[in-house]
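S.K.: Place chains B and C on chain A using the hints.
Chains as they are written, first to last, in our numbering: chain A, 1 to 157; chain B, 1 to 107; chain C, 1 to 272.
Keep in mind that the hints are not guaranteed to be accurate.
Below, simulated DSS-like cross-link-like pairs (lysine-lysine); rule was C-alpha separation at most 30 Å, straight line [to be verified]:
1. C:LYS222 with C:LYS99
2. B:LYS7 with C:LYS264
3. C:LYS52 with B:LYS21
4. B:LYS27 with B:LYS40
Residues of chain A clear of chain C, computed beta-carbon distances all greater than 12 Å [unchecked claim]:
5. PRO36
6. MET40
7. LYS60
8. ASP80
9. LYS90
10. PRO111
11. ARG123
12. SER137
13. ASN138
14. THR151
Hints listed in this document are in silico derivations from the structure and should not be mistaken for laboratory results. The beta-carbon is built from N, C-alpha and C at its ideal position, and this holds for glycine as well.
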Amino acid sequence: MTKMKVEVLDRRQFVVAAGAGAAALITGISGANATPEKAMELMTKLTNGGAAKAMDGKIKVDLPEIAENGNTVPVKVSVDSAMTADDYVKSVHLVSEGNPGPEMASFHFTPASGKANAAARMRLAKTQNVVGIAEMSNGTIYMSKTQVKVTIGGCGG
Amino acid sequence: MAKARVKAPKKAKAGDIVTIKTLITHKMESGRRKNKKTGKLIPRHIIDKFTAKFDGVEFFSSDWHGAVSANPYMSFSFRAEKSGEFEFIWHDEKGEETVKKSKITVA
Amino acid sequence: MTKMTILKRSQMLAAVLGGMMIGLGTSNTVVADELAAFKVGDMHSGYVYTAKETRALQDDDFENPGMLWVEEGEALWSKAGANGKSCASCHEDPASTMKGVAAAYPKYDAKTKKMITIEQVINREIVEKTGGKAVKWESKQLLSLTAFVAYQSRGMPLAVKTDGEAAPFLAKGKAFFYKRRGQLDMACKHCHEDNAGNMIRADLLSQGQGNGFPTYRLKWQKIGSLHRRFRGCNKNIRAKPFKSGSDEYVNLELFVKSRGAGLKMESPSVRR
Numbered sequence: 001m002t003k004m005k006v007e008v009l010d011r012r013q014f015v016v017a018a019g020a021g022a023a024a025l026i027t028g029i030s031g032a033n034a035t036p037e038k039a040m041e042l043m044t045k046l047t048n049g050g051a052a053k054a055m056d057g058k059i060k061v062d063l064p065e066i067a068e069n070g071n072t073v074p075v076k077v078s079v080d081s082a083m084t085a086d087d088y089v090k091s092v093h094l095v096s097e098g099n100p101g102p103e104m105a106s107f108h109f110t111p112a113s114g115k116a117n118a119a120a121r122m123r124l125a126k127t128q129n130v131v132g133i134a135e136m137s138n139g140t141i142y143m144s145k146t147q148v149k150v151t152i153g154g155c156g157g
Numbered sequence: 001m002a003k004a005r006v007k008a009p010k011k012a013k014a015g016d017i018v019t020i021k022t023l024i025t026h027k028m029e030s031g032r033r034k035n036k037k038t039g040k041l042i043p044r045h046i047i048d049k050f051t052a053k054f055d056g057v058e059f060f061s062s063d064w065h066g067a068v069s070a071n072p073y074m075s076f077s078f079r080a081e082k083s084g085e086f087e088f089i090w091h092d093e094k095g096e097e098t099v100k101k102s103k104i105t106v107a
Numbered sequence: 001m002t003k004m005t006i007l008k009r010s011q012m013l014a015a016v017l018g019g020m021m022i023g024l025g026t027s028n029t030v031v032a033d034e035l036a037a038f039k040v041g042d043m044h045s046g047y048v049y050t051a052k053e054t055r056a057l058q059d060d061d062f063e064n065p066g067m068l069w070v071e072e073g074e075a076l077w078s079k080a081g082a083n084g085k086s087c088a089s090c091h092e093d094p095a096s097t098m099k100g101v102a103a104a105y106p107k108y109d110a111k112t113k114k115m116i117t118i119e120q121v122i123n124r125e126i127v128e129k130t131g132g133k134a135v136k137w138e139s140k141q142l143l144s145l146t147a148f149v150a151y152q153s154r155g156m157p158l159a160v161k162t163d164g165e166a167a168p169f170l171a172k173g174k175a176f177f178y179k180r181r182g183q184l185d186m187a188c189k190h191c192h193e194d195n196a197g198n199m200i201r202a203d204l205l206s207q208g209q210g211n212g213f214p215t216y217r218l219k220w221q222k223i224g225s226l227h228r229r230f231r232g233c234n235k236n237i238r239a240k241p242f243k244s245g246s247d248e249y250v251n252l253e254l255f256v257k258s259r260g261a262g263l264k265m266e267s268p269s270v271r272r
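Bound-form chain A, shown alone (with noise of 0.2 Å):
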């Protein structure tokens, strides 16, 4: 394999590399990102104080390990659920630890939906932790968090 020696890769190539870089690279502007906490607050939000309370189980979120382009990683959300009138999904959130906002997408089903089943494709500006969040018709939460390893590609994406 020919290998060729370097003698440095650009400054802003090395910030990028680093991770810092990555959201500017994929959003156009590097400013305060969402954090966990941010999550936490946005999450509480959208359940009315119930995330506090959220339990594990019941809902899985499926992302790649590795993403291989930020712009669009597919994500599948299920929740373990019979969806009868007394008891079904009433709202998924996807929450962002890493994007410049940790909103992303809720979605909102009926026991007409049959299934708590929603598929879509997202965009994570770095490595991050995305968080599902089930709200059943009874009250309870459950919660899942998901790391995905989101990387920045060798000549510029």
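M.R.: Chains B and C in isolation, oriented as in the chain A frame:
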């Protein structure tokens, strides 16, 4: 109107849970990108709400933010009970709506 | 003058990105059999170097975002131009009249006495046959029509003619591929021939084939042309890019497609 496509079954048995898939062209401009030439922020323009109805009654909806990818894909489920018509509505922040309809026969 | 270290995948594992790369390594280890359709001898389609989630987007016609442009092209095919004629007026059913057409471009053009790409032919037809104005290379109309025409060759092998009148242009395209350029002083071959299959930081290098274009590139969040990709690559090595449709890129396209002869067309493919 943006260009949308829907994959929904035309036939089902009563009680079947079917999967509906949708895709629509839209830049989903987050409002955080800068115009490379002028340095100014490109104004935000996204689809903020997707709604699925059956015979006029909403059974699924989704709120979208700037984190939703361009040319958004959305798939979800529906329990088929009787024959009727689906209506899928994409609403963008500027008030523009794209609507697609699809019929299903349930035996 | 700065140059770049292109590390072997195993060396990358030891580098800063450590654990992350182990995941990347295993996700790209595939059984040879399932990718046989994407290889012709040593030539591999970009599909081989694409992550499995991205491949899944290409494999399903409904989920493939590039198909939105194919649909748009289908609508434009029958849309009457200023003189009342559309593509359909002469070419009728595209599934038969356009079958295999895109796979053979670029072709030698007797009028201009040089190679011509499918985009240039489509633009010429718009002007000469439908009374329209030529459209920009990366415009929605041209991308849609190109995607639609290329789609009619999907599954067919790249088959550009490189002998006779095309020969001197092939030589120019080949020379471009092997010539160093830009501040990074690199030629196409340094990544796409010498290091295909190796990592360049966090990207897996492909062979730079042209069988998937126009492609829905996740980075662009839309479909784009081969010449757009050439421009991007040239900018990445800090070389001044040529214009889409320039002689340099048309000849390079001829060489790239002859190099990948036999690879099946995948337009519209999905790549990162």
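S.K.: Take a quick look at A:ARG123 and tell me if its Cβ sits farther than 12 Å from every Cβ on chain C, holds or violated.
M.R.: violated (9 Å)
S.K.: For C:LYS52 and B:LYS21, compute the direct alpha-carbon distance and say whether it is at most 30 Å.
M.R.: holds (20 Å)
S.K.: Per the stated criterion, does the least C-beta distance between A:ASP80 and chain C lie above 12 Å, as a non-interface residue requires?
M.R.: holds (24 Å)
S.K.: Quickly compare the C-alpha distance for B:LYS27 and B:LYS40 to 30 Å and report which way the hint goes.
M.R.: Within the cut-off at roughly 18 Å; holds.
S.K.: Mind verifying the non-interface call on A:PRO111? Its CB should be farther than 12 Å from each CB in chain C.
M.R.: holds (27 Å)
S.K.: Given the hinted pair C:LYS222 and C:LYS99, is their Cα-Cα distance within 30 Å?
M.R.: Holds, at roughly 25 Å.
S.K.: Just double-check A:ASN138 for me: nearest Cβ-Cβ distance to chain C has to come out over 12 Å.
M.R.: holds (35 Å)
S.K.: Per the stated criterion, does the least C-beta distance between A:THR151 and chain C lie above 12 Å, as a non-interface residue requires?
M.R.: Per Cβ check, A:THR151 is inside 12 Å of chain C; nearest 3 Å; violated.
S.K.: Between B:LYS7 and C:LYS264, is the straight-line Cα distance small enough, at 30 Å or below?
M.R.: Cα-Cα ~27 Å, so holds.
S.K.: Taking C-beta pairs only, is A:PRO36 more than 12 Å away from all of chain C?
M.R.: Holds, because the least Cβ-Cβ distance between A:PRO36 and chain C comes to about 20 Å, which exceeds 12 Å.
S.K.: Compute the least Cβ-Cβ separation between A:SER137 and chain C, then decide whether it is above 12 Å.
M.R.: holds (31 Å)
S.K.: Beyond 12 Å from every Cβ of chain C: is that where the Cβ of A:LYS90 lies?
M.R.: holds (28 Å)
Violated hints, in rising order: 11, 14; the structure is consistent with all others.
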